[in-house]
Every structure is written in C-alpha cells, then in structure tokens.
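J.: So you can see what is in the structure, the chains are spelled out below.
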Amino acid sequence: MFKAYALLFFVVSFQGTAYVPNTIIGTITNLPANTRPSSLTISPEGTTMYVPSYSNSTVGIVDMATNVVTGLVSNPNHAIQSPWFIAINPSGTTGYICNVGHNNIGIFDTATQATLGQIFHPALQNPWSMVITPNGQQALVTSQSFPYVTVINLQTNIVLTAIRLGGTGPFTIAMTADGTKAYVAHFADDSLSIIDVTSKTNTGTITGTFSGPIALAFTPQNTKAYVCNSDNNTVSIIDVRANKVIGLVNDPQATFSAPSSVAITPDGKTAYIVNNTGNSISIVEVATDTVTGTVTDTTPPTITRPRYIAITPNGELGYIMNGTNVISILFIAMSPAPINAQGVAAKNVFLTQTERFNRITWEAPPTSGTTQYKIYRNAQLTQLAATVSANRLQYIDHNRQPKTTYNYYIVAVDSVGNASLPAHVSVVSC
Amino acid sequence: MLHLLQKTLLVAVFVHHSMHAYDFLLEGKAAYFLPTGDLFKKIYHNGGGIYGSEFTARIWRQLYGFASADFFSKQGFSPIVLTPTTVHMQQIGIGLKYLHDCSWGDLYLGLGALPTHIKTIDCSPYVVRKHTKWGCGGVLKAGIYVNLCEYLFLDLFLDYSFATISFCSRKTVPTIPHDAHVSGCWFGAGFGFRFSN
Chain A
3 MFKAYALLFF VVSFQGTAYV PNTIIGTITN LPANTRPSSL TISPEGTTMY VPSYSNSTVG
63 IVDMATNVVT GLVSNPNHAI QSPWFIAINP SGTTGYICNV GHNNIGIFDT ATQATLGQIF
123 HPALQNPWSM VITPNGQQAL VTSQSFPYVT VINLQTNIVL TAIRLGGTGP FTIAMTADGT
183 KAYVAHFADD SLSIIDVTSK TNTGTITGTF SGPIALAFTP QNTKAYVCNS DNNTVSIIDV
243 RANKVIGLVN DPQATFSAPS SVAITPDGKT AYIVNNTGNS ISIVEVATDT VTGTVTDTTP
303 PTITRPRYIA ITPNGELGYI MNGTNVISIL FIAMSPAPIN AQGVAAKNVF LTQTERFNRI
363 TWEAPPTSGT TQYKIYRNAQ LTQLAATVSA NRLQYIDHNR QPKTTYNYYI VAVDSVGNAS
423 LPAHVSVVSC
Chain B
7 MLHLLQKTLL VAVFVHHSMH AYDFLLEGKA AYFLPTGDLF KKIYHNGGGI YGSEFTARIW
67 RQLYGFASAD FFSKQGFSPI VLTPTTVHMQ QIGIGLKYLH DCSWGDLYLG LGALPTHIKT
127 IDCSPYVVRK HTKWGCGGVL KAGIYVNLCE YLFLDLFLDY SFATISFCSR KTVPTIPHDA
187 HVSGCWFGAG FGFRFSN
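Respectively, the protein sequence lines represent chains A and B. One gets the working numbering by counting positions in the first sequence from 1 and adding 2 to each. One gets the working numbering by counting positions in the second sequence from 1 and adding 6 to each.
Calculated from the structure, these hints are not laboratory results. Treat the hints with care, since some could be wrong.
Unchecked claim - In the DSBU-like style, the derived pairs of lysine-lysine whose C-alpha atoms are separated by at most 35 Å in a straight line are:
hint : chain 1 : residue 1 : chain 2 : residue 2
1    : A       : K349      : A       : K271
2    : A       : K246      : B       : K125
3    : A       : K376      : B       : K80
4    : B       : K125      : B       : K80
5    : B       : K136      : B       : K125
6    : A       : K226      : A       : K183
7    : A       : K271      : B       : K139
8    : A       : K349      : B       : K139
9    : A       : K376      : A       : K405
10   : B       : K47       : A       : K183
11   : B       : K80       : A       : K405
12   : A       : K246      : A       : K349
13   : B       : K139      : A       : K183
14   : B       : K47       : A       : K349
15   : B       : K48       : B       : K125
16   : B       : K136      : A       : K183
17   : B       : K136      : B       : K47
18   : B       : K80       : A       : K349
19   : A       : K202      : A       : K183
20   : B       : K136      : A       : K226
21   : A       : K226      : B       : K125
22   : B       : K139      : B       : K80
23   : A       : K226      : A       : K246
24   : A       : K349      : B       : K48
As the list claims (entries may be wrong) - Residues from chain A that face chain B, not an exhaustive set, calculated with beta carbons under 10 Å:
hint : residue
25   : T356
26   : E357
27   : F359
28   : H400
29   : Q403
30   : V415
Ideal placement from N, C-alpha and C gives every residue a C-beta, glycine not left out.
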C-alpha cells in the first residue's frame with residue numbers, strides 16, 4: 003500500500019503538480035519494533051536516511067526513493083552501541099555514530115552499510131551530538147556529561163583536542179554553513195557556548211532568553227540562528243554576527259509546545275519547529291521571525307509526540323520522528339527551480355549547410371542534492387528534450403527551424419526522482 | 007589496295023602539314039588560391055595551395071586551346087562553433103588563350119569554362135556529414151610564358167575563377183543547405199615543356 007502511495011507521490015511530484023505544501027503525505031511504518039528513534043540523518047545526496055535506535059542498538063536504513071526501511075547497518079565489530087545521533091561526511095562515504103551510552107564514536111561505511119570500527123577518547127563521555135566541517139576534515143562532538151567539545155581528525159580518526167565549554171550539560175551542537183563557527187546549547191545552564199572552529203577555541207557565551215535550550219539551527223546564510231527553549235515554549239533568535247540574542251520568534255497563536263527540534267529549509271526562507279507536547283509542527287517565516295501556521299495532520303493522526311525533524315537537501319520533504327515507531331513525511335514545497343536560466347540562438351555555418359541551435363544555460367538551484375536536470379519543451383513537462391548531469395549546466399538544442407520560438411523548462415531532479423519547480427526560458431531561433 | 011594506299015598517303019600529307027605548324031605546351035603548376043567569398047575565407051582561412059597541370063596547343067595563328075585539371079583541399083573550422091570541416095575541390099578548365107609573341111616568350115590572356123566538383127566533410131553529428139556536387143563556373147586567365155631554353159618554359163600567371171555550386175534543392179533536413187561560393191584568385195607559377203616548330 004505504501005509503495006503504491008510512494009509511486010503516486012513520485013509521479014505527481016515529477017509532473018509538477020505539487021501536493022498542498024506543509025501537509026503530511028505519508029509515513030514510514032516498517033521500522034523494527036521498539037526502535038524509538040532518537041534522531042534522523044539524511045545522506046548529503048538525499049538518497050538514504052539513517053535512523054539510530056538507542057533502545058535496540060541498531061541503525062535503520064531508509065531508501066528515500068520508496069520511503070521504506072530496507073535494513074539495518076550491519077555491525078560486525080560492535081561499533082553500534084546505544085546510538086543517539088549520526089553524522090555523514092559531506093562526500094557521503096562515511097557515517098559517524100554517537101554511541102551515547104558507551105563513550106565512543108562508531109564508524110560505518112555507507113557503501114557497504116557495515117561498521118568499520120570505533121573512536122575512543124576520555125573526552126567522549128556520553129557523546130550526544132556531532133557536526134562535521136564542510137571540507138569533511140574534522141568533527142566536533144558534544145558529550146552529555148562532560149563540558150567539552152571533542153575535535154576529531156576524520157582522516158586519521160584521532161582526537162585532536164577537547165575544547166572546554168562555558169556551561170554544563172552540553173546537548174546539541176550546530177555549525178554555520180561556512181564551517182567557521184559553532185554553537186553548543188547548554189540545556190542545564192540556559193546558555194550557548196561559541197566555538198571558533200578554525201582556532202578550536204571557546205570564544206564566549208551567549209545568554210538571554212534561553213530556558214532549557216535543547217536544539218538550534220543556523221540559517222544557510224549564517225545570519226540568524228534559532229534556539230528551541232523546551233522549558234518555556236519559546237524560540238530564541240540569535241544574531242550570528244553579533245553573537246547576541248535579538249528576541250523571540252513571534253508566535254501569535256501560541257503554537258510552540260515544548261519545542262524540541264528545529265530545521266531550516268535550504269533556501270533559508272522557512273523554519274520548522276517540532277512541538278513535542280503539541281503534536282504539531284510550527285512553520286516560521288524566517289524573514290519576519292513569525293509563526294505563519296502549523297502542519298495539519300491527516301486522519302488518522304501520525305504526528306504523535308514528535309521529537310525531531312530533518313529536511314531533504316532539496317528542501318522538498320521533511321521527515322518527522324515521532325514518539326511512536328512511525329516517521330511522518332511532510333511535503334514542504336516543490337524544491338526551487340534552477341536560477342538565471344538564459345537562452346541564446348546561434349548558427350553553425352559550413353560551406354554548404356547551416357545548422358541552427360539554441361544554447362540554454364542556467365545555474366544550480368539554492369538547494370543541494372540535484373543529480374541531473376531534465377529539459378522539457380512544454381509547460382506540461384511531457385516533451386522531454388534531454389537529460390543532463392548535475393555538473394553540466396547547459397543544454398544545446400540542435401537542428402532548430404529558423405525564426406521559430408522555442409520554450410524550454412528546466413527541472414532539477416534529485417537522486418530519488420523528486421523534481422523541482424521548472425525554470426522557463428524562451429528562445430527565438432536564428 | 008590502291009584505295010587504301012591513297013588514303014594512307016593523304017593522312018601522311020595532312021599530318022606532315024599539321025606538324026609543320028605545331029606548338030603545344032605541357033606544364034605542371036602550383037598556385038595560391040585566394041577565395042573571394044567571405045564564408046569560404048572565414049572557414050578555410052583565406053585559402054591555400056592549389057595544384058594541377060595544363061595542356062595548351064595552337065589552334066590557329068595566335069589562338070590556342072587549353073585544358074587543365076586542378077585540385078584544392080583544405081581543412082578549416084566553422085565560425086564561432088569551430089567544428090572541423092574539410093573541402094576538396096577539383097576543377098577542370100577548357101577554353102581559349104590568345105598568345106602574343108615577345109622576344110623572351112609570350113604574353114597571354116584566356117577565357118574558359120570551369121566545371122567544378124566539390125566535396126565537403128563537416129565533422130558534426132548534427133549536420134549532413136558529406137556533401138558532393140558538380141557545378142559549372144568560368145575562368146579568366148592572364149600570364150606570361152618565359153622561354154628558359156628551346157624546350158623549357160616558365161609560366162607566371164594570375165587567374166580568376168568564378169563558380170557557385172547550388173545545394174539549395176537538396177533535402178538535407180535537419181540542416182538548411184545553401185549555395186557554395188568557391189570563386190577566387192589564383193596566383194602562381196608553372197613549369198613545363200614546349201614543343202613547336
């Protein structure tokens with residue numbers, strides 16, 4: 003039944019007829035019994051989602067093309083022990099597991115889906131959360147019961163240093179997209195520590211409106227960060243350049259209810275706040291820092307005691323981890339179209355013949371995860387002209403008739419077939 | 007038998023009479039072909055060498071007939087897109103020359119028809135790869151024969167050939183065919199033997 007639903011989604015989405023944004027469009031229900039996942043991690047290319055289970059000491063593998071759990075990461079060397087959080091390196095080749103109950107970091111190969119070994123260090127005490135620098139060289143790990151951030155060299159899997167933090171009970175760590183700065187949320191101390199990633203130093207502490215800060219996220223532009231205050235049902239806004247709290251997210255309908263997780267779309271326009279006790283997701287418009295609505299669940303409701311949200315690299319879907327054994331699939335919006343599409347008509351002139359062609363160029367959409375572009379000749383996206391790989395941002399349409407108007411629609415497609423909104427360009431041939 | 011003998015005698019007399027006034031020139035020549043068509047110049051970089059041979063023989067007094075065969079081949083690139091392309095051109099000239107005697111040789115002017123065959127090879131998967139066709143043009147000739155010794159001569163010439171090969175009638179969809187303008191100036195030299203009495 004779910005496969006049929008997934009197929010329907012694919013077809014409808016691919017043809018450009020989007021679902022109603024911000025609605026639940028499906029669920030993942032075949033997690034092993036008692037998985038009770040603690041977090042969700044989507045691979046950089048958007049093809050696979052990993053589901054750590056603290057209670058089962060397993061890591062589930064979800065095929066995002068079908069939204070079905072296809073298996074577990076095999077664990078031949080016992081490197082998966084009460085996992086809480088997983089990070090995947092930017093190239094998508096290796097996964098790192100925060101084994102919260104066993105003071106180590108497990109390592110697995112994403113190609114073979116098998117563990118490779120573990121990283122041990124005295125500073126790793128109940129490792130809770132992790133970020134990896136954009137170049138994939140280093141990882142920063144927070145420990146639940148040790149006020150340090152551990153820095154690991156991912157080339158050698160050796161701990162480089164441990165950075166002393168300004169508070170206790172560090173929980174979530176988040177890093178700016180450029181990899182220069184990280185914040186660590188101190189749940190017990192109502193503060194954030196500021197980490198200079200380059201120098202590997204703690205450069206200060208942010209205090210203000212926090213109350214049980216449990217999760218945080220930066221906007222892709224690195225201008226703002228949102229911090230979920232689970233104890234007073236608010237979300238703080240931080241000016242990242244100034245390292246200063248500038249206020250609270252405006253929530254006129256009081257939708258926040260023990261906010262426990264936040265994720266921001268790749269275009270930086272929308273943030274989704276998980277309301278753990280409200281069984282809902284609040285939608286925040288980043289430009290105005292205002293809640294504009296909540297995700298309405300379908301019947302029967304699937305959003306039950308939600309705890310975590312992850313958004314696909316193309317920004318089209320959100321996956322909501324519930325307190326049950328069910329993951330809800332949130333349709334956010336069609337991912338944005340490729341930008342700056344342009345067309346030029348030209349001729350290839352020989353001594354005895356002339357070939358007319360149109361050269362179409364574009365730039366990648368602001369989201370990541372595009373694996374190919376499809377170029378159509380009609381707005382209904384049924385006349386496929388060509389498919390080109392993601393690194394080839396142009397298409398040449400050969401053998402055109404003279405003095406004819408051609409319309410092109412360029413669609414970015416990710417590895418599981420999700421299509422973006424089309425970019426349109428019109429060209430009159432020579 | 008007598009009849010056959012009479013015929014043989016008549017032919018011998020005619021041949022002897024013709025040989026008495028013969029003057030013919032056989033030469034190999036090389037020239038630079040400078041095209042005058044803009045497209046040809048753009049694609050094939052202002053032309054190149056053209057090679058051939060020519061036979062010239064007296065018809066009546068200072069009037070001579072000539073027949074020539076020349077070959078031109080050049081690689082180039084389409085403008086802007088820079089697709090490799092090659093042209094092969096064979097030209098056969100047939101016409102008349104007027105020679106004016108000088109102490110050191112002859113000055114001449116000529117006019118003739120120029121049947122031309124071209125073959126183009128365009129190295130793009132989006133066009134018709136080969137085009138071949140015959141067409142007819144003309145040639146104007148001017149030059150001097152410089153006698154080097156009794157039998158050898160040097161030919162210095164400047165010719166202008168004009169030819170347009172039409173491809174417009176060809177159904178070469180998806181490309182649009184058009185005429186090939188292969189006119190141009192030739193300037194070069196020949197070297198050969200001259201037999202006369």
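J.: None of the hints should be skipped; say for each whether it holds.
T.: We went through each hint and held it up to the structure:
1. A hinted pair counts as satisfied when its Cα atoms are at most 35 Å apart, and K349(A) with K271(A) does not qualify at roughly 42 Å.
2. Between K246(A) and K125(B) the CA atoms are separated by roughly 76 Å; this puts the pair beyond 35 Å, and the hint is violated.
3. Distance hint between K376(A) and K80(B) is unfulfilled; the C-alpha atoms sit about 40 Å from each other, more than 35 Å.
4. Of the supplied pair hints, the one linking K125(B) and K80(B) holds, its CA atoms being roughly 11 Å apart against a limit of 35 Å.
5. For the hint pairing K136(B) with K125(B), the CA-to-CA distance comes to about 7 Å; that is within 35 Å, so the pair holds.
6. Distance check on the hinted pair: K226(A) and K183(A) sit about 12 Å apart at the alpha-carbon level, within 35 Å; holds.
7. Among the hinted pairs, K271(A) with K139(B) is inconsistent with the structure: their alpha-carbon atoms are about 63 Å apart, more than 35 Å.
8. Taken as a hint, the K349(A) and K139(B) pair is honoured in the structure, with Cα atoms around 23 Å apart against an allowance of 35 Å.
9. Between K376(A) and K405(A) the alpha-carbon distance is near 25 Å, which keeps this suggested pair within the 35 Å criterion.
10. Restraint check for K47(B) and K183(A): not satisfied, since their Cα atoms lie roughly 61 Å apart, outside the 35 Å limit.
11. Between K80(B) and K405(A) the alpha-carbon distance is near 32 Å, which keeps this suggested pair within the 35 Å criterion.
12. Distance check on the hinted pair: K246(A) and K349(A) sit about 57 Å apart at the alpha-carbon level, beyond 35 Å; violated.
13. Only pairs whose Cα atoms come within 35 Å are accepted, and K139(B) paired with K183(A) is rejected, the gap being roughly 71 Å.
14. The suggested pairing of K47(B) with K349(A) holds, with an alpha-carbon distance near 17 Å, which does not exceed 35 Å.
15. In summary, the hint linking K48(B) to K125(B) is supported, as the alpha carbons are separated by about 18 Å, within the 35 Å threshold.
16. Taking the CA atoms of K136(B) and K183(A), the gap is near 62 Å; set against the 35 Å cutoff, the hint is violated.
17. In summary, the hint linking K136(B) to K47(B) is supported, as the alpha carbons are separated by about 20 Å, within the 35 Å threshold.
18. Between K80(B) and K349(A), the direct Cα distance comes to roughly 22 Å. Compliance with the 35 Å bound is thereby established for this hinted pair.
19. The straight-line distance between the Cα atoms of K202(A) and K183(A) is roughly 10 Å, inside the 35 Å bound, and the hint therefore holds.
20. Taking the CA atoms of K136(B) and K226(A), the gap is near 63 Å; set against the 35 Å cutoff, the hint is violated.
21. For the suggested pair K226(A) and K125(B), the alpha carbons sit about 67 Å apart, so the restraint of at most 35 Å is broken.
22. Using a Cα cut-off of 35 Å, the hinted pair K139(B) and K80(B) holds, with the two alpha carbons roughly 17 Å apart.
23. Distance hint between K226(A) and K246(A) is fulfilled; the C-alpha atoms sit about 10 Å from each other, no more than 35 Å.
24. The hinted pair formed by K349(A) and K48(B) meets the criterion: a straight-line CA distance of about 14 Å does not exceed 35 Å.
25. With a cut of 10 Å, the hint placing T356(A) at the interface with chain B holds, because the nearest CB-to-CB distance is about 5 Å.
26. Taking 10 Å as the C-beta contact cut-off toward chain B, the hint placing E357(A) at the interface holds, the least distance being around 5 Å.
27. For the restraint placing F359(A) at the interface with chain B, the shortest Cβ-Cβ distance is roughly 7 Å, inside the 10 Å limit, so the hint holds.
28. At its closest, the beta carbon of H400(A) sits 4 Å from a beta carbon of chain B; the interface hint therefore holds under the 10 Å criterion.
29. Annotation: interface hint on Q403(A) holds; nearest CB of chain B at approximately 8 Å, less than 10 Å.
30. With a cut of 10 Å, the hint placing V415(A) at the interface with chain B is violated, because the nearest CB-to-CB distance is about 25 Å.
Violation of the numbered hints given earlier is confined to hints 1, 2, 3, 7, 10, 12, 13, 16, 20, 21 and 30; the remaining hints are satisfied by the structure.
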